[in-house]
Amino acid sequence: MSGFHDEIYLDCRPEDVWAYVVDPAHLPEWQASAVSAEQLDDGPFGLGSRVRVTRHVGGRDMAMTMECTEYEPMRSWTVRGIDGPIRGDFHGEIVPMDEGRRTHMTMDLDFEGHGIGKILLPLVVRPQVRKEMPRNEQLLREHLEHA
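Residue numbers are given in this note's numbering: position 56 of the sequence shown equals residue 46, and the series is strictly consecutive.
There could be a bad hint or two in this list.
The calculated SDA-like cross-link candidates involving lysine to any residue, where the alpha carbons are at most 20 Å apart (straight line), are [said to hold, decoys possible]:
1) Lys108 / Arg77
2) Lys121 / Met52
3) Lys108 / Met52
4) Lys121 / His(-5)
5) Lys121 / Trp20
6) Lys121 / Arg50
7) Lys121 / Gly90
8) Lys108 / Met97
9) Lys121 / Thr55
10) Lys121 / His136
11) Lys108 / Glu89
12) Lys108 / Trp20
13) Lys121 / Gly105
14) Lys121 / Gln21
15) Lys121 / Met97
16) Lys108 / Arg65
17) Lys108 / His46
18) Lys121 / Asp(-4)
19) Lys108 / Asp79
20) Lys108 / Glu62
21) Lys108 / Trp8
22) Lys121 / Asp100
23) Lys108 / Glu132
Pair ranges (Cβ atoms, derived) [unchecked claim]:
24) Arg92 / Val25: 17 to 23 Å
25) Leu113 / Leu37: 20 to 26 Å
26) Arg125 / Thr55: 32 to 38 Å
27) Gly105 / Thr59: 19 to 25 Å
28) Glu132 / Thr96: 18 to 24 Å
29) Tyr(-1) / Gly103: 16 to 22 Å
30) Met64 / Gly105: 34 to 40 Å
31) Glu5 / Gly49: 35 to 41 Å
32) Ser66 / Leu113: 29 to 35 Å
33) Pro112 / Asp6: 32 to 38 Å
34) Asp51 / Arg125: 17 to 23 Å
35) Gly(-7) / Gly90: 26 to 32 Å
Don't read these hints as lab results, they were simulated from the structure.
Built from N, CA and C at the ideal position, the CB exists for glycine as well.
Using the sequences plus the hints, can you model the full thing?
Spelled out as structure tokens, the structure:
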């Protein structure tokens, strides 16, 4: 996957990071463009789960459905967009550090444009994500380290 890569070191336990980042309800708390997120199926989030995410992109709100296509509990997960003009492909990994007292998290993100999304992707989406990623890291740290 190409596109965006970010790494963050968090002063909290990996199980706390995992519980927070894989819960779709928390997306609007730590992703600046996320307006809302709602899991569309019952049960805990996992392989095959679908989430409807509304993001503020380029001055307007856009809804999209994401599906969890890879899920290894306490280690990694992948979600992919399955509808909408901009379809994200996100992969996250969590690695315990310092005997489980700290966490190293990596995030890889890329996009595929469909229809008008092919125009929006280079002009609006990629610049917005580039600007937003440091803020997302800061928000994640605030919610996890100061909870």
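These are the hints, each one checked on the structure:
Taken as a hint, the Lys108 and Arg77 pair is honoured in the structure, with Cα atoms around 10 Å apart against an allowance of 20 Å. Among the hinted pairs, Lys121 with Met52 is consistent with the structure: their alpha-carbon atoms are about 18 Å apart, no more than 20 Å. For the suggested pair Lys108 and Met52, the alpha carbons sit about 15 Å apart, so the restraint of at most 20 Å is met. Only pairs whose Cα atoms come within 20 Å are accepted, and Lys121 paired with His(-5) is accepted, the gap being roughly 13 Å.
Of the supplied pair hints, the one linking Lys121 and Trp20 holds, its CA atoms being roughly 14 Å apart against a limit of 20 Å. A C-alpha spacing of about 17 Å is found between Lys121 and Arg50, which places the hinted pair at or below 20 Å, so the restraint holds. In summary, the hint linking Lys121 to Gly90 is not supported, as the alpha carbons are separated by about 31 Å, beyond the 20 Å threshold. Note on Lys108 and Met97: the hinted pairing is violated, with a Cα-Cα distance of about 23 Å set against a maximum of 20 Å.
A distance of roughly 23 Å separates the Cα atoms of Lys121 and Thr55; the hinted pair therefore is violated under the 20 Å criterion. As the CA atoms of Lys121 and His136 are separated by approximately 24 Å, the hinted pair breaks the 20 Å bound. As the CA atoms of Lys108 and Glu89 are separated by approximately 45 Å, the hinted pair breaks the 20 Å bound. With a C-alpha separation of about 26 Å, the suggested pairing of Lys108 with Trp20 is violated against the 20 Å cut-off.
Proposed proximity of Lys121 and Gly105 is contradicted: the alpha carbons are some 24 Å apart, above 20 Å. Between Lys121 and Gln21 the alpha-carbon distance is near 12 Å, which keeps this suggested pair within the 20 Å criterion. Taken as a hint, the Lys121 and Met97 pair is honoured in the structure, with Cα atoms around 15 Å apart against an allowance of 20 Å. Only pairs whose Cα atoms come within 20 Å are accepted, and Lys108 paired with Arg65 is rejected, the gap being roughly 32 Å.
Proposed proximity of Lys108 and His46 is supported: the alpha carbons are some 17 Å apart, at most 20 Å. A C-alpha spacing of about 13 Å is found between Lys121 and Asp(-4), which places the hinted pair at or below 20 Å, so the restraint holds. The suggested pairing of Lys108 with Asp79 holds, with an alpha-carbon distance near 15 Å, which does not exceed 20 Å. Pair hint Lys108 plus Glu62 does not hold up; C-alpha atoms about 32 Å apart against a cutoff of 20 Å.
Between Lys108 and Trp8 the alpha-carbon distance is near 33 Å, which puts this suggested pair outside the 20 Å criterion. Taken as a hint, the Lys121 and Asp100 pair is honoured in the structure, with Cα atoms around 15 Å apart against an allowance of 20 Å. Proposed proximity of Lys108 and Glu132 is contradicted: the alpha carbons are some 34 Å apart, above 20 Å. The beta-carbon spacing between Arg92 and Val25, approximately 31 Å, falls outside the hinted interval of 17 to 23 Å.
The beta-carbon spacing between Leu113 and Leu37, approximately 34 Å, falls outside the hinted interval of 20 to 26 Å. At about 24 Å, the CB distance of Arg125 to Thr55 disagrees with the hint of 32 to 38 Å. In this structure, Gly105 and Thr59 meet the distance hint of 19 to 25 Å, their C-beta atoms being roughly 22 Å apart. As the Cβ distance of Glu132 to Thr96 is approximately 19 Å, the hint placing it in 18 to 24 Å holds.
The beta-carbon spacing between Tyr(-1) and Gly103, approximately 32 Å, falls outside the hinted interval of 16 to 22 Å. Taking the beta carbon of each, Met64 and Gly105 are about 38 Å apart, inside 34 to 40 Å as hinted. Checked against the hint of 35 to 41 Å, the pair Glu5 and Gly49 passes, with Cβ atoms roughly 38 Å apart. With their beta carbons about 31 Å apart, Ser66 and Leu113 fall inside the hinted range of 29 to 35 Å.
In this structure, Pro112 and Asp6 meet the distance hint of 32 to 38 Å, their C-beta atoms being roughly 37 Å apart. A C-beta distance of roughly 18 Å is found between Asp51 and Arg125, which places it inside the suggested range of 17 to 23 Å. A hinted range of 26 to 32 Å holds for the C-beta pair Gly(-7) and Gly90, which are about 30 Å apart.
Consistency note: the structure conflicts with the earlier hints numbered 7, 8, 9, 10, 11, 12, 13, 16, 20, 21, 23, 24, 25, 26, 29.
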